[in-house]
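Sequence order for the protein chains is C and G. Position one of the first sequence corresponds to residue 577 (our numbering), numbered consecutively onward. Position one of the second sequence corresponds to residue 119 (our numbering), numbered consecutively onward.
No wet-lab data here; the hints were simulated from the structure. In this text, a Cβ means the ideal position worked out from N, Cα and C, and glycines have one as well. A few of these clues could be false.
Said to hold, decoys possible - Covered by chain G, per the in silico footprint, the following chain C stretches (three or more residues, Cβ under 8 angstroms):
#, segment
1, 629 to 641
2, 647 to 655
3, 669 to 682
Stated by the list, open to error - Chain C regions said to be covered by chain G (calculated; three or more residues, Cβ under 8 angstroms):
#, segment
4, 614 to 625
5, 717 to 725
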Amino acid sequence: MRRLIRSNSRSPRTVLAAAWGTVCSLIIAAPVLSLLSFHAASCIVRLAFSCVCHQIPERSFALMACPLPVCHRCAGLYLGMLIGSLFGIEAVHRSASVRRACILAAAAAILLDALAPAVGLWTGTAAGRFSTGLLFGTVTSSVLARGLAELLCDAPRRPPPLQTSILKGGLQ
Amino acid sequence: MNEERMLKPALIAGVLLGILSSLPVISAFNCVCCAWVIGGGLLAAYLYVKDSPVPVTLGRGVLLGLLTGLIGSIVSALFLIPLSMLTGPGMGILEQLRGTLNQMPNVPPETRRMIESLYSREGIGTAIYVVGFIFMLTLNLLFATAGSTIGVALFEKRKPGSPSAGAPPYEPPAPLPPPPPPPVENP
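Using the sequences and the hints, build the whole thing.
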């Protein structure tokens, strides 16, 4: 079963990588379009991301002095999602308890980094925000890729409808 | 069988996700890594795992997340229609646009005016609404699926081959009495 999932996990990883790759390209596209004077197009991309990110320029990376449409943490999260779907970290799936521990550790890191500055324990840094987002994104995407592979592995094992109806008819 | 069980948790979580993501102030929590969307996926996974008599696989979590994200996006879109009618068509978007333009450096004033006049046109609100819905649907599907899958990984503690919770425990059949000895034939 594990071998079957491993061999089938490349295509769902490709689908996920394409999806997250598109999101990452849009993030890079916003400042590039602005620098190329396509301000209206850049504005549409920024508006689209405004519903999922606060977009504070001081908390965002900049490309040639033009800020990205997402903050440090979101940039790390989206990049992590892309990395996790591209490379699919197998160590996360060693066992169910290891997977659970990895998810909890990544979630704890991102929550601690987000909440501690709000409480006043420490002032967060761009590197901290980016790296915790990257870690959470990578772990989450790796689990998501495994789930998609399992879903595709499950599908052919379902009984075909014809067989089921014959069985039902036979029982009646 | 499991697909039917999936609908109830997906509906509960999807409706909550949609409402919370569209309410004016509360929706700002989505700025923390799509927290409402991931939270919706987690809630759906928790409800599904709790009610499922058999261990839930990550694959089922993916399916559940897709359903939750889809329901959440539809509910959110339905909620945004009366809200945009209350604030006036495109009014919120124009305010947002001005804020976005202020963030962008080196935008010439004439370009700024041109973009603002473009967004003030009749019917542009509907176009933005449709494009926004497609973008929101994509992100909701991705993040709700991520939330639901990690939810299954967190909440499902039964092993895949373990017996179902609702079914009675397996009892081995009672041992059969030994067969009677073969009749001895007298020569």
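Hints, verified against the model:
| no. | hint | result |
| --- | --- | --- |
| 1 | 629 to 641 | holds (count 5) |
| 2 | 647 to 655 | holds (count 3) |
| 3 | 669 to 682 | holds (count 5) |
| 4 | 614 to 625 | holds (count 8) |
| 5 | 717 to 725 | holds (count 7) |
The structure meets every hint from the earlier list without exception.
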